[in-house]
Amino acid sequence: AQSVTQPDIHITVSEGASLELRCNYSYGATPYLFWYVQSPGQGLQLLLKYFSGDTLVQGIKGFEAEFKRSQSSFNLRKPSVHWSDAAEYFCAVGALWAGSYQLTFGKGTKLSVIP
Amino acid sequence: DVKVTQSSRYLVKRTGEKVFLECVQDMDHENMFWYRQDPGLGLRLIYFSYDVKMKEKGDIPEGYSVSREKKERFSLILESASTNQTSMYLCASSSPGATNTGELFFGEGSRLTVL
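Which chain is which? The protein sequence lines are F and A, in order.
Under the numbering used here, the first residue of the first sequence carries the number 1, and numbering increases by one thereafter.
Under the numbering used here, the first residue of the second sequence carries the number 1, and numbering increases by one thereafter.
Simulated from the structure, these hints should not be mistaken for lab results.
The following residues of chain F were derived to be distant from chain A, with all beta-carbon distances above 12 Å:
(1) GLU15
(2) SER26
(3) GLU64
With a Cα cut of at most 30 Å, we get these calculated DSSO-like pairs of lysine-lysine:
(4) LYS107/F with LYS57/A
(5) LYS49/F with LYS3/A
(6) LYS57/A with LYS110/F
(7) LYS70/A with LYS53/A
(8) LYS107/F with LYS55/A
(9) LYS55/A with LYS49/F
Just so you know, these numbers come straight off a predicted model, no measurement behind them.
Each residue gets a CB set at the ideal place from its N, CA and C atoms; glycine is no exception.
In isolation and in its complexed conformation, chain A is listed as follows (with noise of 0.2 Å):
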């Protein structure tokens, strides 16, 4: 069974401090992706790789980086934590395939909270 592992799926951290979520996949997929998840605003991309050492940015990469030094591994971090950083952060990768059409495999969220 495919699976997307995100490896902690809650986390309190304090402002100023720095986040790393972490995020493996075992399919081999060349794509990864972190969205960001917040109520009535859906889901909104942060950043995506789809190579080893590559990354884009998605529609809101302020105040988030990321690395992919492994192709199955792909890591959001949060330098300086916000509070306005509060969400659900959700991995998920693909592959671009003969069949690429864009579906997304999902790790189960890491849900943070910035005191």
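Just chain F, with the same shape it has in the complex (with noise of 0.2 Å):
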């Protein structure tokens, strides 16, 4: 069965800071891999996604994500932190269920933004 993990459960930043949100998942064909943001009371709103091709892709707010088949990993970036990037963040893995995909989620990391 599929399973992602989001090591770090917590991370605080300076503002202005790099960033670096880890996520590690188990599938065992080729995956569809997401990352979700939900701001305090929100629903979750996507900023990026991998499907196929080019392993480094871009998503919305300046963020980045970087698929290695050979680590299993998808990590979020961004060079800079906003004190808006304050948030929750969700790494998600597409899995063939029940005849079409469906989405597990890590359990997620709250960034805190230290102004």
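Could you use the hints to bring the two separately framed chains together as a complex?
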């Protein structure tokens, strides 16, 4: 069965610093991979997704992620964090289940930003 | 702009009450989902539906039921609410289409408190 691990429950960075959120997945075939962001009290918004092709994908709000098959990882990065990036971030893998693709989510990483 | 709308953002109910959470999407998506989100546990799938009047159990269906009488509407029902069902409930939809990857579109969530 597929699974997603986000090793960091909570990360704190200073505004302007770089950011990397880790995500490792387990899936037997080529995965579809996603990063979602959730601001406090809100639903989840798609940041970026990887289906195939270039392993470095660009998303909204200046985020990017790199798919590394050899490491089963899909880490999210941003070169300079803004205070508005404080949120919870979820990595997910799409896998076949009951005839269609379903997402399995990691437990999330909460990002705090120090002004 | 695509939209998933959850009718109630905040609800407070008493133990034993019947609770309805409504979700409507305007994207003509076949698949709809109900997740529960709790701190430290991430998103857990309660039920999903891949067509009108069809439903499938997710990871934690106990204590819940669902109804899908129209394509655009998916309702989550708590027959007799209990305090351990206090949580954030997220509705999502997706299209199986030619590029079926599992990508989900989320509503803003319904925060339910059961007293």
